[in-house]
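Novice: Sequence:
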Amino acid sequence: MKIVISPDSFKECLPAWKVAEALATGWHKVLPGSQLVCLPVADGGEGTLETLIHATDGTFYTKKVTGPLGESIHAQYGILGNQTTAVIELAQASGLELVSPVQRSPLYTTSFGTGETYSRRPGTQY
Numbered sequence: 005m006k007i008v009i010s011p012d013s014f015k016e017c018l019p020a021w022k023v024a025e026a027l028a029t030g031w032h033k034v035l036p037g038s039q040l041v042c043l044p045v046a047d048g049g050e051g052t053l054e055t056l057i058h059a060t061d062g063t064f065y066t067k068k069v070t071g072p073l074g075e076s077i078h079a080q081y082g083i084l085g086n087q088t089t090a091v092i093e094l095a096q097a098s099g100l101e102l103v104s105p106v107q108r109s110p111l112y113t114t115s116f117g118t119g120e121t122y123s124r125r126p127g128t129q130y
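So the sequence shown is residues 5 to 130, counted in the numbering used here.
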């Protein structure tokens, strides 16, 4: 039997590729002869960067940017395995998980750090 396992992430818990691995491990315990294909997905929000980089054997990079409350933070971005496509996820520099629930207000937060993530690294095309 061929089974496709294609989960999204579990918000603030597990990335999609780890969910796929866990499901595959459990499936093999129940039906060890199955052929499993793990194809993690993302909906464009939190977890999209990690899913795309893992799926394409890409590379993660970290950049110092301005966080949602004006503080200095480190945000990740990635280059896909084809080495020609950069991936930037808004949640890395401006996501809700970076701000406590009582501080979440568009009057006091900023997405400036997401824009900073777009600026190129010196000496590169990214």
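Source of the hints: derived by calculation from the structure; they are not laboratory data. Don't take every hint at face value.
As the list claims (entries may be wrong) - Think about it this way: if two alpha-carbon atoms lie no more than 30 Å apart in a straight line, the pair counts; the simulated DSSO-like pairs of lysine-lysine are: (1) Lys6 / Lys33; (2) Lys22 / Lys67; (3) Lys6 / Lys22.
Novice: Would the hint linking Lys6 and Lys33 be met if the CA-CA limit is 30 Å?
Specialist: It holds: about 15 Å lies between the C-alpha atoms, which stays within 30 Å.
Novice: So if I understand the rule, the pair passes when the alpha-carbon distance is 30 Å or less; does Lys6 with Lys22 pass?
Specialist: With a Cα-Cα distance of about 20 Å, the restraint between Lys6 and Lys22 holds, given a limit of 30 Å.
Novice: With the threshold set at 30 Å, check whether the alpha-carbon distance from Lys22 to Lys67 stays at or below it.
Specialist: OK: Lys22 and Lys67 at ~24 Å, within 30 Å.
Checked against the numbered hints listed earlier, the structure breaks none of them; every hint is satisfied.
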